[in-house]
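**Student:** Construct the entire structure; sequences and hints are all you get.
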Amino acid sequence: MFPELPPVLLLRSARVHEVCGPGATAFAAITAARIGGDILWIGGGWHSEALHPPGLLVFMDPARLLVARTPSQADSLAVAEEALRDGGPALVVVEITRPLDLREGRRLQLAAKTGGATGLCLISEGMGSNAAETRWHAAPVFDHSGDSTLMRWEVIKNKSGTTGAWHVRWDEQTRHLHVVSPAGERPGPAGLPG
Amino acid sequence: MWFPRLASDRALRVCPVDGPFALVARQGNAERLYCVNEAARRAGLDRGMGLADALAFCPDLISRPATPEQDARFLTALRRWALRWCPWVGLEPPDGLVLDITGAAHLWGGEAAMLADMRARAAAMGLALRLGSGDTRGAAWAYAHYGEGKQPLETLPAAALRLDADTCTALERMGLRRIGDLAGAPRAPLARRFGPGLLMRLDQALGQMSEPLTPAPEPVHYGVRLSLPEPIGLLGDVMAGTERLLGALCMKLHAQEAGARRLVLTLRRVDQGSQQVELRLAAPMRDAARILPLFERGLAEVDAGFGIDQIRLEATLVEPLATQQMGLGAAPQQGDRLSDLITRIGTRIGLENVLRFLPADSHIPERSFLIAPAAHSAPETGWRSTPPRPLRLFAPEPIAANGSAPPARFHWRRMVLHTARAIGPERIAPEWWLEDEGWRHGLRDYWRIETRQGRRLWLFHTPQNPGWFVQGEFA
Chain S
1 MFPELPPVLL
11 LRSARVHEVC
21 GPGATAFAAI
31 TAARIGGDIL
41 WIGGGWHSEA
51 LHPPGLLVFM
61 DPARLLVART
71 PSQADSLAVA
81 EEALRDGGPA
91 LVVVEITRPL
101 DLREGRRLQL
111 AAKTGGATGL
121 CLISEGMGSN
131 AAETRWHAAP
141 VFDHSGDSTL
151 MRWEVIKNKS
161 GTTGAWHVRW
171 DEQTRHLHVV
181 SPAGERPGPA
191 GLPG
Chain C
1 MWFPRLASDR
11 ALRVCPVDGP
21 FALVARQGNA
31 ERLYCVNEAA
41 RRAGLDRGMG
51 LADALAFCPD
61 LISRPATPEQ
71 DARFLTALRR
81 WALRWCPWVG
91 LEPPDGLVLD
101 ITGAAHLWGG
111 EAAMLADMRA
121 RAAAMGLALR
131 LGSGDTRGAA
141 WAYAHYGEGK
151 QPLETLPAAA
161 LRLDADTCTA
171 LERMGLRRIG
181 DLAGAPRAPL
191 ARRFGPGLLM
201 RLDQALGQMS
211 EPLTPAPEPV
221 HYGVRLSLPE
231 PIGLLGDVMA
241 GTERLLGALC
251 MKLHAQEAGA
261 RRLVLTLRRV
271 DQGSQQVELR
281 LAAPMRDAAR
291 ILPLFERGLA
301 EVDAGFGIDQ
311 IRLEATLVEP
321 LATQQMGLGA
331 APQQGDRLSD
341 LITRIGTRIG
351 LENVLRFLPA
361 DSHIPERSFL
371 IAPAAHSAPE
381 TGWRSTPPRP
391 LRLFAPEPIA
401 ANGSAPPARF
411 HWRRMVLHTA
421 RAIGPERIAP
431 EWWLEDEGWR
441 HGLRDYWRIE
451 TRQGRRLWLF
461 HTPQNPGWFV
471 QGEFA
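Sequence order for the protein chains is S and C.
No gaps in the numbering here: position 132 of the first sequence is 132 in this note's numbering, and each next residue is one more.
No gaps in the numbering here: position 29 of the second sequence is 29 in this note's numbering, and each next residue is one more.
Just so you know, the hints here were simulated from the structure itself, not pulled from any lab data.
Please note that a few of the clues may not be correct.
Derived CB-CB ranges, DEER-like [claimed, not checked]: (1) L10/S to P430/C: 27 to 33 Å; (2) G37/S to A300/C: 26 to 32 Å; (3) L10/S to I423/C: 43 to 49 Å; (4) R421/C to D171/S: 18 to 24 Å; (5) A408/C to D171/S: 28 to 34 Å; (6) P71/S to A25/C: 44 to 50 Å; (7) R297/C to N130/S: 52 to 58 Å.
Small disclaimer: the values here were computed from a predicted structure and weren't measured.
Each residue gets a CB set at the ideal place from its N, CA and C atoms; glycine is no exception.
**Tutor:** In structure tokens:
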């Protein structure tokens, strides 16, 4: 059997989290699938790497997704703040291109607290903001056993808990996230027995 | 009511001119006078005269181009104005109105007093007006155009029967100059000679044939206005004014079972400048309490200057919105909440930038989905399950590789990647019936590559035009 999901993997709601690394989009998609409700995805209109809805299909129904295309990062943040404070969408994903300063990060955090929605910033590596509740590094991992959804998620910052790393796998049939502990390398506390 | 100089009066109301004035329209190849004012008429000018001739007659004539469509709009406005006398007002284009004053005249103290009131008000507006009142619509027209109702109808010229110029000339030649002559003439030869139109006009004028008056339907006007005795400038005050207007407007919308889609708030300042705040809604709405907060952002940007003394709110785009059964809990529905949010976001980045994905029927990856503005579309299901597709799709990036088998090792974005597992190929043929630059390389064999470094990429090979490209990345 698979070990139980550690609580930190269920992102704390009404907070803003951050994720970086090559698997950040998948992290966001899986989070969206697990949170449920409407998703607002805010991305720059200049972004060339567009989301591909048929690819989302294995995670969630694209009908739940709203996409906001913004002309600048300031607009992205304004829209994110508005949506978080409203609390209508359960998850607000923001693609961020330049590091947030303290004020911006704190404003997003306050907005999320007011509205009760969860925020997730897709950042580039090393662009984290101090206000984030947790910061994750997500990367796909090659799996010798033939499964092709294996990922390594690592908490590199956690305001209310410890850091750690997990190998996770997405089950397309049940739409469920499983934590796996690969033989020979047992990363993080989740891999420890008991 | 006949406005003999409607067009020039309208032009002169906008910009008054002393002395002879004429509107000029191009007819055929010549500039001809379209409408002249009183001073020009006294100088001997008349409609239909060539502009060059008119200038020779009257060198200080001032002329402007005519705009018949604006005149027509003005006449419609006058129709609304004429509703003050009686509720039954019809248009008599191009320059007349018909009022059925049956049962309304006594409210004005009799017919004569009513006509006097009409004259006085038209004169105050600077409009030349000729009135004719008769027992039938035809008779009223005749009196308005040919003498103001002193003489009996039979003595008026035949042209007063709303006949065209050719018929009038022919009647003149036959010696039938007056309406009385026509009425006394045998009907059969007249009908044979001129067709039924002449006799129909005659009967209509004499009341032997009915001619109903159709008042134009009054389009509902979704606009409300608030004039303030003292100018205001504080945001709270303007919001309070807007709230009051919204209440009135929403009542109107409610009565019509309609919802506003676009609202324009015009704020007129003391110095006659005006500013507009436009609000485009993501869904038709008529709930004042929900619309008001959406105005906040737009109003905050308004410069009040020396103060605002008039607020005008108009729903410029209205859609039918049926009354809905409220749930027992009467909680705001999730859809409403989301469309409010879309509106608020839309006021910042534009409603066309809040989008939604819709499925499309195509096996070309780039065209397998549509992007539609969320405000004008509904979420759709019906996504077809396909072989696994990448989560991110980008423009194809060429990589250096040969052969039809996936490369064991390749460079992509300054990374060296080793293929550990390759799944494929999945052949996708271009849609030849659509011109597409990106698919000029022909067939594509898609491979799902898992690299030893972890990245899972979507590569394709073009066998007709050998080359390898990376187009997407899987989760």
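**Student:** Run every hint past the structure and note whether it holds.
**Tutor:** Do the hints match the structure? See the list:
1. At roughly 44 Å, the beta-carbon separation of L10/S and P430/C lies outside the given 27 to 33 Å, and the hint is violated.
2. For G37/S and A300/C, the Cβ-Cβ distance of about 30 Å falls inside the hinted range of 26 to 32 Å, so the restraint holds.
3. For the pair L10/S and I423/C, the beta carbons lie near 32 Å from each other, so the given range of 43 to 49 Å is not met.
4. Taking 18 to 24 Å as the suggested C-beta distance range, the pair R421/C and D171/S conforms, at roughly 19 Å.
5. Separated by about 30 Å at the C-beta atoms, A408/C and D171/S satisfy the suggested range of 28 to 34 Å.
6. The beta-carbon spacing between P71/S and A25/C, approximately 47 Å, falls within the hinted interval of 44 to 50 Å.
7. In this structure the supplied range 52 to 58 Å is violated for R297/C paired with N130/S, their Cβ-Cβ distance being about 29 Å.
Violated hints, listed in ascending order, are 1, 3 and 7; each of the other numbered hints is respected by the structure.
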